[in-house]
Amino acid sequence: MRDTPLSNCERDFLLKAIQEKKRLDGRQTYDYRSIKISFGTDYGCCFVDLGKTRIMAQVSCELITPKENRPNEGLIFFNIELSPMASPAFEMGRQSELLVKLNRQLERCLRNSKCIDTESLCVVSGEKVWQIRVDVHLLNHDGNLMDAASIAAIAALCHFRRPDVGIQGEEVTVYSTEERDPIPLSIYHMPICVSFSFFQQGTYLLVDPCEREERVMDGLLMIAMNKHREICSIQSSGGIMLLKDQVLRCSKIASVKVSEITELINKALENDKKARKTGGKFGFAESLPQERITALKTDVSPVEMSDVKEKANEIVQRAEVPPQTVPSPVLTAPGTGQVGEGLENSWGLKEEEEEEEEEEDETVELKMELEEGHEEKGRGDVVVISDSDSEEEDVVILNQVTTKEKASISNQQGAVASKQQQQQQKKKKKKRGQ
Amino acid sequence: MVCLFDCVILSCFYVIIHLVYKVGDVLLPGDVFSFQMPESITDSKPEKVVCGPGLRRNGDEVLVCKSGILRHKQPNLYWIDSQQRRYVPGKGESVIGIITSKSGDIFKVDVGGSEQASLSYLAFEGATKRNRPNVQVGDLVYSQFIIANKDMEPELVCIDSCGRANGMGVFGAGGLLFKVSLGLVRRLLAPQSEIAKDLEKMFPFEIVVGMNGRVWVKSKTIQQTLIVANLLESCENMTAQQRQTLFRRVADGSI
Numbered sequence: 001m002r003d004t005p006l007s008n009c010e011r012d013f014l015l016k017a018i019q020e021k022k023r024l025d026g027r028q029t030y031d032y033r034s035i036k037i038s039f040g041t042d043y044g045c046c047f048v049d050l051g052k053t054r055i056m057a058q059v060s061c062e063l064i065t066p067k068e069n070r071p072n073e074g075l076i077f078f079n080i081e082l083s084p085m086a087s088p089a090f091e092m093g094r095q096s097e098l099l100v101k102l103n104r105q106l107e108r109c110l111r112n113s114k115c116i117d118t119e120s121l122c123v124v125s126g127e128k129v130w131q132i133r134v135d136v137h138l139l140n141h142d143g144n145l146m147d148a149a150s151i152a153a154i155a156a157l158c159h160f161r162r163p164d165v166g167i168q169g170e171e172v173t174v175y176s177t178e179e180r181d182p183i184p185l186s187i188y189h190m191p192i193c194v195s196f197s198f199f200q201q202g203t204y205l206l207v208d209p210c211e212r213e214e215r216v217m218d219g220l221l222m223i224a225m226n227k228h229r230e231i232c233s234i235q236s237s238g239g240i241m242l243l244k245d246q247v248l249r250c251s252k253i254a255s256v257k258v259s260e261i262t263e264l265i266n267k268a269l270e271n272d273k274k275a276r277k278t279g280g281k282f283g284f285a286e287s288l289p290q291e292r293i294t295a296l297k298t299d300v301s302p303v304e305m306s307d308v309k310e311k312a313n314e315i316v317q318r319a320e321v322p323p324q325t326v327p328s329p330v331l332t333a334p335g336t337g338q339v340g341e342g343l344e345n346s347w348g349l350k351e352e353e354e355e356e357e358e359e360e361d362e363t364v365e366l367k368m369e370l371e372e373g374h375e376e377k378g379r380g381d382v383v384v385i386s387d388s389d390s391e392e393e394d395v396v397i398l399n400q401v402t403t404k405e406k407a408s409i410s411n412q413q414g415a416v417a418s419k420q421q422q423q424q425q426k427k428k429k430k431k432r433g434q
Numbered sequence: 001m002v003c004l005f006d007c008v009i010l011s012c013f014y015v016i017i018h019l020v021y022k023v024g025d026v027l028l029p030g031d032v033f034s035f036q037m038p039e040s041i042t043d044s045k046p047e048k049v050v051c052g053p054g055l056r057r058n059g060d061e062v063l064v065c066k067s068g069i070l071r072h073k074q075p076n077l078y079w080i081d082s083q084q085r086r087y088v089p090g091k092g093e094s095v096i097g098i099i100t101s102k103s104g105d106i107f108k109v110d111v112g113g114s115e116q117a118s119l120s121y122l123a124f125e126g127a128t129k130r131n132r133p134n135v136q137v138g139d140l141v142y143s144q145f146i147i148a149n150k151d152m153e154p155e156l157v158c159i160d161s162c163g164r165a166n167g168m169g170v171f172g173a174g175g176l177l178f179k180v181s182l183g184l185v186r187r188l189l190a191p192q193s194e195i196a197k198d199l200e201k202m203f204p205f206e207i208v209v210g211m212n213g214r215v216w217v218k219s220k221t222i223q224q225t226l227i228v229a230n231l232l233e234s235c236e237n238m239t240a241q242q243r244q245t246l247f248r249r250v251a252d253g254s255i
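Listed in order, the protein sequences are those of chains A and B. Going by my numbering, the first residue of the first sequence is number 1, and it counts up by one from there. Going by my numbering, the first residue of the second sequence is number 1, and it counts up by one from there.
In short, the hints are calculated from the structure, not lab data. Possibly wrong hints are sitting among the right ones.
Stated by the list, open to error - Straight-line Cα separation of at most 20 Å, SDA-like style, residue types lysine to any residue; simulated pairs: (1) A/Lys101 to A/Lys277; (2) B/Lys66 to B/Val49; (3) B/Lys220 to A/Glu179; (4) B/Lys179 to A/Glu179; (5) A/Lys16 to B/Lys218; (6) B/Lys218 to A/Arg23; (7) A/Lys52 to B/Lys220; (8) A/Lys277 to A/Glu179; (9) A/Lys52 to B/Val49.
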């Protein structure tokens, strides 16, 4: 799909508005859009929202052999991807100029500034070092990709924890997350990019351009700085001529912005650490405001009940004798339930056994349809066991298996598992019988 | 006996339940459409029902193919009102297009669909082979589709069937073009549009609304134009009350 072209009247209007110091969304010249930083459940996963621009960064690590000329330094690899969902102009698999520019800029900003201590990533000099890989995905393009990408990358690096390594003589053991707590990377400082866009040959300047402002700009100046007022990288594109005092003014603005953004990142990291420590729920799903999504709420919908009685009678007359009642389920191991001991297989024929299995599957399916069909939750005699590992499901065990249809069962796995166990027991008994 | 009852209830609901829908219900794609006859129609002869956008006939049944709210218009028209931002060209619709290139006798126009539409230079009022219209690349045109289906390239014209412009043609100097969802555009263009009425009370402005979700606004000052544009973009998901409160607040605090 092609991107929408910019019409003449939009361009004229934007330039005129900028001359009057007005921006499309009502910001001032030096204002950033609202930045939201949230972290995922894994260590090293970070989402950044800069207005409507949305970027996700994920950090991962693996052990590899180091470079020959630097045997005791770890490696860092950056990769930015422009997803086609971000803008109709981005196509899958096509290396565009913008992509190359962004990649190069992120590398320069984070690698050349030596913000990460690569020597601490060494495990065995010359043989094994950690390679840290930062993948940045663009999810929505509304201007100023570089700033958002740098914020996401550095926040994800600060959030990331690598597995602990123990060295005893010649032996190297990499401990998994359960054995020993993973340790964070050692980061010296946090470089953050700030973008300035220029209009009318450098006369007008805007900080944090949105997508439409980017289309009409003459040139872009990008300064990467940390909160100690050290410039990590500075780049000017578009071929505009800038005066010395303009650049100095931009760097002063950048230092103010960078210290604010660093504050924000630190606060977000703190909040996430607190949430993880207290055992509360954390991760991306939690940061979505609960009020807006009403997926679990539906109104009562009328159901055609006009001829249910007749249908029911018909089915009753045609129905076969159901299997005998089974006693209440027994928990053999967490996550599985067993219903009954398993009856003696009285059929004796292989095909019959398969039919029986199919019937049982059907009844299980019916049960599941039943659960989905009803929204009323009459608990009755039910015991709710919430597994602390699984965040989503609650395992509900029924005391009375004679299910009145009002009980909402969500232990589909338990029912199926119990049925399967029953079948297996039947098979075993049959084999023993034979 | 309890177990028998068990079995019965389970098998009962094995059959697909036909939910009776009321106008105003939220429906999802795949729902089989069956509705309650309004009491006004009491004759027992088979009713012809017109299915609007979002409903499709599949053999004997009518299926819902878009998610949205069921709407009804007397006497027998039903359709699904859904939110969408991506425009699909439809014949007879008036849209705002952006000229992207000139080649030979036709202009290529971007209307926000999957393909660019073509607009002949003779399709303007008073245009002849000698007297070409003054259209540049990047201009905005308000035009109508004469051909718009999935098998052919869409075609636009800037004149109506009598050969008069009737409001169509090149426009747009000095205003701002922005994009909104198709639902909001339809609400703006409805004959008794409340949003348009509320906006009129604010301050005078010119507005052109295209069915492809593009809206062009121009007012006396840039500030006012920006205000109108932002208001329209924000009243997408608001109820009527929230919208009126917002408009009142802006009118009180505005220049």
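- request: Decide if the proposed pair is consistent with the structure: lysine 101 of chain A and lysine 277 of chain A, CA atoms, cutoff 20 Å inclusive.
  value: violated (39 Å)
field: Pairwise hint evaluation, valine 49 of chain B against lysine 52 of chain A, where the allowed Cα distance is 20 Å at most
entry: violated (43 Å)
query: Within 20 Å, alpha carbon to alpha carbon, are lysine 66 of chain B and valine 49 of chain B?
result: Holds - the C-alpha atoms of valine 49 of chain B and lysine 66 of chain B are around 18 Å apart, at most 20 Å.
message: Between the alpha carbons of lysine 16 of chain A and lysine 218 of chain B, is the straight-line distance 20 Å or under?
response: holds (13 Å)
query: Is the straight-line distance between the alpha-carbon of lysine 218 of chain B and that of arginine 23 of chain A 20 Å or less?
result: holds (16 Å)
message: Hint check: lysine 220 of chain B vs glutamate 179 of chain A, CA-CA at most 20 Å. Holds or violated?
response: violated (69 Å)
query: Is the hinted pair lysine 277 of chain A and glutamate 179 of chain A satisfied, with a Cα-Cα distance of at most 20 Å?
result: At roughly 17 Å apart (the allowed maximum being 20 Å), glutamate 179 of chain A and lysine 277 of chain A satisfy the hint.
query: Is lysine 179 of chain B within 20 Å of glutamate 179 of chain A, Cα to Cα?
result: violated (54 Å)
field: 20 Å Cα cutoff - pair lysine 52 of chain A, lysine 220 of chain B
entry: violated (29 Å)
Checked against the numbered hints given earlier, this structure breaks hints 1, 3, 4, 7, 9; the rest are met.
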